[in-house]
Amino acid sequence: MKQIILKRLAMLVLVLLGVTMITFFLSHVIPGDPARMMVGQRASEETLQEVRRQLGLDQPVWVQYLTYMKGLFAGDFGTSIRTQQPVVDDLITFFPATIELAITAFVIAIIIGVPLGVLAAVKKDTSWDHISRFFSIAGISTPVFWSGLVGILIFYKFLGALPSSGRLDLTVPAPTRITGLYLVDSLFTGNWAAFTNSLWHLILPAITLAFAQLAVVTRQVRSSMLEVLGQEYIRTALANGIHGPVLLIRYALRNALIPTITVVGLSFGSLLGGAVVTETIFSWPGMGKYVVDSIAFLDFPAIMGFTFVISFGYVLINLLVDLTYYVLDPQIKE
Amino acid sequence: MKRRWSFALTSLVLTFSMLVTACSSPATQPQAQNTPPGNSAKPAEPPASKTVTDTLFVAINADQGTLDPAVTFDNAAWKITYPTYERLVEYDGESTEVKPGLAKEWKVSEDGLTWTFTLEEGHTFADGTPVTAEAVKFTFDRTLEIKKGPADVYSVIKEVKVDSPTSVTFILSQNFPPFLSTLAANYGGIVNPKVKKKEQNGDLGQNYLANNTMGSGPYELTEWKKGEYLKLTVNPHSSVKPAFQTVYFKIVPDATAQRLQLEQGEIDIAEGISNEQLKALKDLPGVEVLQKPSLFVDYVYVNSSKGNEALKNPKVRQALSYSIDYDALTESVQEGYATQMRGPIPKGLWGHDESAHQYKRDVEKAKALLAEAGASNLTLDLLYSDNKPWWETEALTLQAFFADIGIKLNLKKIAYATSREMIDSGEFDLALGVWSPDFGDPYMFMNYWFDSVNFGLAGNRAFYKNDKVDELVRKAASINDKAEREKLYKEAQNIVIEDAPYLYLYQKDFLLPISKNLKGFLFNPMLEGIYNLADMSK
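Chains Y and F, in that order, are what the protein sequence lines are.
Residue numbers for the first sequence follow our numbering, so the first one is -17 and each next one is one higher.
Residue numbers for the second sequence follow our numbering, so the first one is 1123 and each next one is one higher.
Please keep in mind that the hints were generated in silico from the structure rather than gathered at the bench.
Per label pair, the in silico range of CB-to-CB distance:
hint, chain 1, residue 1, chain 2, residue 2, range
1, Y, 227, F, 1345, 50 to 56 Å
2, Y, -6, F, 1410, 54 to 60 Å
3, Y, 28, F, 1234, 19 to 25 Å
4, Y, 28, F, 1320, 26 to 32 Å
Quick look at which bits of chain Y chain F covers, simulated, 3 or more residues with Cβ under 8 Å:
hint, region
5, 13 to 21
6, 24 to 31
7, 59 to 69
8, 73 to 82
9, 130 to 144
10, 269 to 278
Glycine residues also receive a C-beta, built at the ideal position from the N, C-alpha and C atoms.
Next comes chain Y alone, as it looks inside the complex (with noise of 0.2 Å):
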């Protein structure tokens, strides 16, 4: 076990390094200039020249990347060229919102899924079925922005129930900072008021993320469920008497987890990524519209930082999700 962890994070090095490579030839060899952006359109060839000096942008690109990579080996991300500040801080600041939103939507999808995919696989082609086909359906071909409008248009608008945008509301100050994830920070400082009001902003975009997920889980499920359920171990261990729950879920479930984990796992990384259309129509404040406006702006160094933070989320989830495997399947070896 131990073997395949060193193996696999060896593994994570070597990824990251190609990332970081192909991201920073790519986004410089595209045409465009951020010292252009940054001194507005009518500055004077040597203003230019001057910013592209302070900013590096001057130098071979093999030579800015060599730079990028020695600072980056020592924890700097470098600086953002439309923000003025470390990158790092950058992500500190709008990272933790991003990661809350994706990780309660996950939890939501999970929680709701999974009884959802064994109830359609167990009454399959009765009505449960049929309607946890609706609902798996309706997720996945309803576009976020539309299902959240919706959501805005029930919750804020008609019943005021609850709010349509940000994390707190202006007036609830923030919890003291430990993980940046407003739920985890007001519930260790017993600060119930921005527990309850960031719990309250939460809802609804995160059930709006989840909607789209949901479908990927459950349909998932059944299907898993259903070929399990058909194998012949089942059968002996229906005709041994083995019925209910402990044969759904200690005999068919743990079996069925397995493709479904690698599918659950993968979108979750594509859950911190595509927060960004669900970010802006709630006004979250996550990575989504910083990225967005980075990319728009050729802030190179903040596109490399999230892409490195992003890549590096996902090698640890394929990781996680593998090491999922040898829990659940004591066949598998190395």
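Given the coordinates of chain Y, assemble chain F onto it according to the supplied hints.
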């Protein structure tokens, strides 16, 4: 071993799910509290903007970049920096002319090279430091040393001299008539010299001022939650006593969300609502849509020397100008919220010539001009980007108009940053563009657009060269007599309208959905998107 692993995992999942359940249960509580049975249509809390009269809520589209007046060139940043800094002179109400600001009076030498300003006493930075001539010198020296965009505007400054604590003199290297007007722009904001204490690695405080304000304006930036809001509060040392003690600029990227929040009274001003949605807002009882002519123009660069050979011929360029139905264009692209341009200088800025020639759609004339020029079966490329949401429609509309006179227009839509590079190097036939003046002087249009030293993105994006025009606009930029300058610009305008290196399309209207109970907002076309917060109330 494996069993133990699975046990550990199962317990972990169980603990986690219990935690989640624990976390989720309060979710229902506030909901239940706030929506008792039979009272479901009532909002959870009355919207803040309706109950609090000393606080203003403005929804903006996007978060800010740097707020340093010596660095930023972004109009969006000015809505924060304008009320937090003061300038030597300020734009006067709704006019493009300036009035005294920090300086109560000024005089300029005969040759226009020496400007002396006398400061009014009693202005104080937000930390209590008085504004002195020393601070004025510090500000301009700092901008010039930082050498970013704003330094270009002030490159004409040779030296700033402190005569006394209340008198400061600018020595210019050449006469520059719009100089006074540039001092009223955002980059003229006077910075507290104490920013030196915030310096990091010799950055002259750029990092600090990117996120903080250090001016003497009626407000100061007291909180900035990135991606969420910027909060301004009253500068305790300012002599101005505004009605709004607090102003929130709330970041709401989605237009529909902004509209709903305005409808619900959660915000007082919504900046990012598209023209189509504005029509629906007009019928709402508590909301009004302000509509004012702006100096923001939308036009087409016709590459007159580096593009398609045919475009070198003024007749072809005129034919393009005659092919357009300007009213139909503004109707389809701006829902009619725009006015056709009459020459380069927009209406509302001095130097605008109401008697100048204005192109109208005349297909026969356009075809005849093309025939005279010997340009048949012409195919041209139109470059544009997604920078402006209406450009797609505009490009398609132009394509249809040009087709009527037998010109095939290929639409080339590319990324904004790339399009800027291509425009700068002249790699296009036609390109869509917008322009708005930084300071209230026709120099912003006539010298930038037509002087052949400004080829490229700097301003002469049509790569247009006419010796007579060069001479006229340069002369107009070298004398201080306003009447004489106006005459020179008028003469130059007639030539550039005739030569048609640009398709002068329209001046966009400034539209702002705003709560009806808001009072005192003045729109100054030089300060589009900037609020006179200190005079506003509700």
